Amino acid sequence: MPSLLVKGGRVIDPAQELDQVSDVLLEDGRVSRIAPGLQAPGIPILDASGLVVSPGLIDIHVHLREPGREDEETIQSGSEAAAVGGFTSICCMPNTSPVNDNPAVTSFILKEAERLALTRVFPIGAISVGSAGERLAEIGEMVNAGAIGISDDGKGVMDGQLMRRALEYSLPFKIPVIEHCEDLNLSAHGCMNEGYQSTVLGLKGMSRTAEDAMAARDIMLAEVTGAHIHIAHLSTRGAADLVRQGKSKGIHVTCEVCPHHFTLSDAACRDYDTNTKMSPPLRTEDDIEALLEAIVDGTVDCIVTDHAPHNPNEKMLEFDQAPFGIIGLETALGLVLTRLYHPGLISLRRVVELMSTQPAQLINQPLGHLKAGSAADLTLFDPDAEWVYDLGQTRSKSRNSPFHGTALKGRVAATIVAGKVVYRCPEYFEG
Amino acid sequence: MSPEAIASKSGASTPPTSRGGPVSFNAKHLLGIEQLSVDQIQLILETAKSLREISTRPIKKVPTLRGKTVINLFFEASTRTRTSFEIAAKRLSADAINISTSSSSIVKGETLVDTARNLEAMAPDVIVIRHSSAGAPHQLAGSCTACIVNAGDGAHEHPTQALLDALTILDHKPALKGLRVAIIGDIAHSRVARSNCLLLGKMGAGVTVCGPPTLLPVGFERMGSEHGSLTVTDRMDEALEGADVVMMLRIQMERQREAFFPSVREYFRYYGLTARRMRSAKPDAIIMHPGPINRGVEIASEVADGPYSVILGQVASGVAIRMAVLYLVIGGRDQPLRDPEG
Amino acid sequence: MMIDLMGPIEKEELMSSDQIERTIRRLAREILDHNRGQHGLALVGIRRRGVPLAERLAGALWEIQAVKVPVGHLDINLYRDDLSSVATQPIVQSSEIDFPLSRKIVVLVDDVLFTGRTVRAAMDALVDYGRPKAIQLCVLIDRGHRELPIQAHFVGKTVETDAVEMVEVRLREIDRREGVLLVEPAS
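Residue numbers (the numbering used here), protein chains in the order written: chain H, 1 to 431; chain S, 1 to 342; chain Y, 1 to 187.
Simulated from the structure, these hints should not be mistaken for laboratory data. Predicted model only: the values in this text are computed from it and were never measured. Careful: at least some of the hints might be erroneous.
In silico DSS-like links for lysine-lysine, alpha-carbon gap of 25 Å or less [as the list claims (entries may be wrong)]:
| no. | chain 1 | residue 1 | chain 2 | residue 2 |
| --- | --- | --- | --- | --- |
| 1 | H | K204 | H | K371 |
| 2 | S | K60 | Y | K11 |
| 3 | S | K90 | S | K49 |
| 4 | Y | K133 | S | K61 |
| 5 | S | K61 | S | K49 |
| 6 | S | K202 | S | K173 |
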């Protein structure tokens, strides 16, 4: 296992209340010491001066499309895009083809990741067989094979009784039940947020109530069962209020927010650009304000990308027929720093909590910190570097992002997984 | 005086606008009323008035667009709109080619952009597109060199319908400004309602839209209210009160299946236009309908066939408007060419 | 002479208001002489300035010989051959010819005869309305530089011009002043 001395960076590790310029010695894939002025003869040095050194970023909500749609993304290409984005761990959703609803698919993903991925990959199993929302998948078998949570992401679990059973059943496994909150009857085959913009554009709207109503139901079910409900890609003021209330009542509810949901509003759909179509959809300015409040006051537990690659041919369809979703691994940290840190809404420490410390806790993995002996997963970034996102350079196999050409402030310099540098930005490191 | 001189001398022709100098269309596409200025709307209406006379001649054809190709690309069946565009193209001597394809690209396995690129190979000057997906003409405009004319996209816009409605209203009323227009029916799914609200709003008319609350979309009161006024109501008598123009929208039977209202009978009771209800409108109010009409669903036969119905006039205005639009988009360009005598 | 630094330079007045009036009366007489013994005379003015000229000619014909001649208005924009090359798209106005043209002797009236293309377009337009017995052409000014084999039967005044110069006919019905000017475009 490789060893490395990361010198002179500003080390931020909320788990140890650490925020100081320091050296980090990585030996045999583990963190061995953090202190200023470390000497380690014979061990290669990575100069991190001027950079922030944080525990590796963790994205608990991505779609890797393998098995089934390797034309859109593979475990390998997705992990490469993740590494470029500063992520050292990613959790992949089960809506592949076949669906990850049994231990064979879970094992396949882990084996492929072991062989080809640049980052750690944690599979999320399906709640129901085929994510069809009818009967429970073999949750225990999948956990045994390595799944770290369950979800029918892509759609909501419409049957309340099935959701209750899933929550109850998850208890002994201590895994989060991750819900894509969308009452499909209420969202009514919409393709963007329901509101003035959908009215003007003549597109079918998805009401915010579709998200709020299911979030309310799930939080109540979590209260009844005592299980851990995690609200995926929360996008509305209503759902944010519900999570806040739930937390204050001591219910085990957590939630995540995507950068696009606090960056763009539904006005971005005005040109019928299918790269502004995702589910949940871009909401209103009022929802953006509510998400920012929820991030600041701690209601939001983590930032995720909901990285959803799609073949360009499918995104060239009519707006109402194009698939939902955008890629986001490479722009996430830049958007978080640009939209949250630089305007002064949150500190760098909070950025690290939202993107590393807390997601690690959520999926019950011993990651997200730099304590001695922990995995040597590190992200080095320059919070003040200004750059422009160029889809031409993306490592993802897909190109569906609305952020092409967007100016961002805050850039990943290097990504280290188990002591090995898996990505270095040429702007900072030669070769 | 030579044509060149006419073209190069400002003030040589009567400007069709009250705001001073002559306007030129200067737009390559007609995607919606939303993108049109008041001057551009005036120009289309004035040009259509001039062109209307052609359809009354023994030889109903002028050579203006000889050698130009107009493709009518219809992804949604619509005999009347397609025929209207076809006649308009032919009266201007353009070659009109109709391509009707009922299936969307997702069914065909060919994207809209692919379809467009295939058509481009035939070098059309104008593509008239009707599509069940909102925004399809906008996407086409982004990937084609031809002029794109929106002949109705999903529940978004139907600009030539709003223009022909305006032309029809002007046959009966002196001006659009200050008129009270009631638009009644399935507002939520209606591109006709959207385009009319935008146009009438821009031209300074006061519009009231009316329908059951299930068919009134969120935030509709903000549509086209920049210049005129727009009110939304679920009470038909309120909408009709003092109206100069009553526009009825077609109710699609599938809306009943989708539970927007319980039954046709009940719909007609509350939102059907009858002679008795018309008494709330002004005595000289005209009645319009984009067709095809559902007798006894949204409009009673006594009203549809009555003296104030101008429904057939709308059809005649359609050809003139579409001739004007074809003429103007082909001649319109974003950048004026060199001035031949300047 | 007035010099406007921004606009075209007026070089010469070719006709005064009085001269225009006298010319119209002369042209009316020539039309009558030429068509002596013929019935069914009609005047069609080409928009814009051919229209008031045709109306005045009709008035002169009435005064001279109490002949009542119908007057039509023709917009030739739909018949132009240069639609795809002109800078500003011409605004189409309606044509008003509310009498049948067949078996009529139609005198087309325009202000200036230059390349001949307007007249070509006007003849194409006329035949779409019917089949006149004959078409004759009457212009106030013939300034030369023909691009088509077209000649006028009745000419108010023939003027030698450079191709870059412009002849501006101003009529009180349309313009504030009346007169015919030779104008050179600002360089």
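Open item on the list: Holds or violated: K202 (chain S) and K173 (chain S), Cα atoms, limit 25 Å.
Closed with: 17 Å, holds
Open item on the list: Check the hint pairing K61 (chain S) with K49 (chain S) against an upper bound of 25 Å on the C-alpha distance.
Closed with: 16 Å, holds
Open item on the list: Holds or violated: K60 (chain S) and K11 (chain Y), Cα atoms, limit 25 Å.
Closed with: 45 Å, violated
Open item on the list: Can you confirm whether the C-alpha distance between K90 (chain S) and K49 (chain S) stays at or below 25 Å?
Closed with: Holds, at roughly 18 Å.
- [ ] For the pair supplied as a hint, K133 (chain Y) and K61 (chain S), confirm whether the alpha-carbon distance does not exceed 25 Å.
- [x] 22 Å, holds
Open item on the list: Would the hint linking K204 (chain H) and K371 (chain H) be met if the CA-CA limit is 25 Å?
Closed with: 50 Å, violated
Comparing the model with each earlier hint shows violations of hints 1 and 2; every other hint is respected.
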